[in-house]
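S.K.: Sequence:
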Amino acid sequence: MTKFLFASSALALIASAHSVAAQEAPQQAGSVQEANEAGASETGDADAIVVTARLRNERLTDVPLAVSVTTAEQLGRDQIYTLTDLQRITPALQVSPSFGGDINGGAGLRGIRTQAFNPSVAPSVAVVIDQAAAGNVNFPILHDLAQVEVLRGPQGTLFGQGASAGVLNVSTVAPKLGQFSANFNLDYADDGAAGSESTEIVARGGISVPLGETAAMRVAGFYKKEVGLRTNTFLNLDDESQEFAIRGRLLFEPTDTIRVHLIGDYAETKEDGVNFFSPTFAPQSTAPFAMPPFGRPGGTLGQASQRNLDACGVTADRITTRARFYCEDVQSRESRSILSTTAIIEADLSDSLSLTAVTSYRDLAVKSPIRNFSSRALGRAARDENLRDDYQQFSQEVRLGYKGTGFDIVAGGYFADFSYAQSPLDPSLGFQNTAPGRRTGFSVCTPDGNNCGVPVTFVRETAENQTFALFADVTVDLAENLELFGGLRFTDYKNDSSFGVNTLTATDFGELRENNLSGRIGLSYKPSPDTTIYGSYSRGYKPSALAFPGDPGEPFILLDSEQNSAFEIGAKTIISGVQLDVNAFYMNVANFQGQESIQVNGELVSQARNLGDVESYGIEVMASGQVTDNLSLNVGYTFNPATYPDGTRGDDTFETNLGGQQVLSAPKHKFVLAGEYVQPVSSSLEAFLSTNVVVKSAIRLANRDRSRFVFPAGETVNLRFGIRDQDGGWTASVFVRNLTQNREPSAYLPMNFAGADDISARGRPIAGLTTRVVGASVGFNF
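Mapping the sequence shown onto this note's numbering, position 477 (from 1) lands on 477, and the numbers just tick up by one.
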């Protein structure tokens, strides 16, 4: 590591010295805003969209990859504040932040996502923020964004082993030299008002100021409060969550050829009421007493289950697909905080050669005083208590970019060091104490602690992953309008893990190390300046892992590495200002890293395992642009069968064979429409109507029996209507998310009572996805 950092520093110093003699070198855009302005100037097209999908600035139409782009305007218009929100406007993207999956983003593309939620398991879809990969130190809040690019298919050549299914390439708003700007927006929705089913307050804003002629700074903030998404009937308390984030970004350009970006982020969330799942109906239940098409829980053991639910306030009339009501005798609480710093140095070494160095550090702390995994009060409850999880990651990338006549290359090196540790939140409480409020670890106990089906068990877990990689990506002109593109990435990966039961000292150790060579190759043909036809083969890589066992004290679970082999053909063009994109793809993911449920002392516990080869194929069609002077549209459709291999066991006691069935959280069909219609009402005012419609086929939300945990096909309609200043100075609007009250949760779990299947399910609601949110919004720009 020391040698790599020394080499990085030396390269940066050489670049600085060399750039003094390269004053005539053209400046590469240091931000997405500048890149798009430069692209518009070069092409004469004011609507030209520039992306960095291949770590250089290129027009979207010229990139021979499946890439979709969401601009800052659309992100704000459609109220995209989290990764979960982002799936509303991206057909190939599904996000399921359940079962701990939010640590690595919980995102899936083309049906492939991380299903093995273990601290050392790499994501399938990399989240890259301002050129720095978040890895397994992720956070759901998205704010003050300039652009989001969604790259589909293996992207490991340039983005590493966490990008075996794709990349979410996020760019935040950067300050501009010599320019002052400010913005502020406020959204408000009240539970019960105008049909809103929860209370939501969102405030966001930013200010950019110049600091002399060579520097500028931007500070941006975000705050969100959500109340009433769920209600604990036993304590008569609404769940409440608060999110806060602030970012500072400094731009420094000491010369015409050197640019320095320093970015600091801090964010935190606090949740009062984080019960795992709420009782709901099973969408496809075939039980004889079920209410078609939904099955009601509570009928087990001669209605004894329902009497138990009645006793804690979850009466039969409160069990609905809205999944609002649950009961627990102690309110669950959890908080998270993240600190992130990124430094980007860009230097133009000559007219054709540039150097970029990206240094990043991320630190995430998750504090869980108490988290309840059960659905009933006063009886035995599965809980995590008095736990703290710490995640840190340092990364360093240095790359050179060369643009010549008929030959372009991006090449460089990458190093990352990730660590994870689980420890007691309050070490003074000790271990194996069953008294209320003094337990550390996981247990299944009655509130008084006198009856424990699973004893109080703390597991000290640590993991450290180190990655070193060398990569190169090349484009070569073979003939007029015909290009060969491709690249290779060599990765050296090492994992050290340990755990100990009811001790702070590790007693079991594991180590693995492996090398991998991945890459891509393809051809691109341009019959006209605004049309690209391409075909490619790529191979993605997701490293092996030592997963912690679900049953404490058992040995590590060795997960074999995933290998994603993907073929793709596609075409892009621009017709009358509308960007069209169509492609067909096939992927085979060998050794798919998944999850299974096992019985530990009568309770279901999840642990990782390889599932075999998963196949995913399909077509994607996208169209976006200004259709008329008044109407802009973004339309997309994905047809994507993605199936489990033969013999894949479900997590239920019947060991359902899921072979050939659609994988978890992946609809076979998905259609997305986002658009806005504008009508001037005076010389300075205009009215607007924007809509976002999502239509999905049936979607599996648990790896269990074939029908009960598959949410049926449906549509979600979001609308916004308002007026604004034509110059963009202010806007006022009313909005509704999930007008149609589509009740899709993020995931399902089974309902159980006294060791028996309670026929139905538990669901985890998401505001705007499961519930309807109605409110008003105002915004100002200066």
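To be clear, the hints were calculated from the coordinates, so they are not data collected in a lab. In this text the structure is predicted, and so the values were computed from the model without any measurement. Ideal Cβ placement from N, Cα and C applies to all residues, glycine included. Check each hint, because a few of them may be wrong.
What the hints assert, rightly or not - Straight-line distance between alpha carbons at most 25 Å, and here's what the computed DSS-like set of lysine-lysine pairs gives: (1) K225 with K367; (2) K176 with K225; (3) K367 with K270.
As the list claims (entries may be wrong) - What follows is a set of in silico ranges between Cβ atoms, one per label pair, in the way DEER data are often shown: (4) K270 with E554: 42 to 52 Å; (5) P529 with D629: 57 to 67 Å; (6) A411 with N433: 26 to 36 Å; (7) S606 with N433: 50 to 60 Å; (8) V578 with E686: 37 to 47 Å; (9) F782 with E554: 52 to 62 Å; (10) P529 with L558: 30 to 40 Å; (11) I569 with P529: 30 to 40 Å; (12) Y677 with S528: 26 to 36 Å; (13) A506 with F782: 18 to 28 Å; (14) N433 with K270: 46 to 56 Å; (15) A411 with S528: 49 to 59 Å; (16) A506 with T434: 23 to 33 Å; (17) E511 with Y677: 21 to 31 Å.
S.K.: Which numbered hints turn out to be false for this structure?
M.R.: 2, 4, 5, 6, 7, 8, 10, 11, 13, 14, 15 and 17
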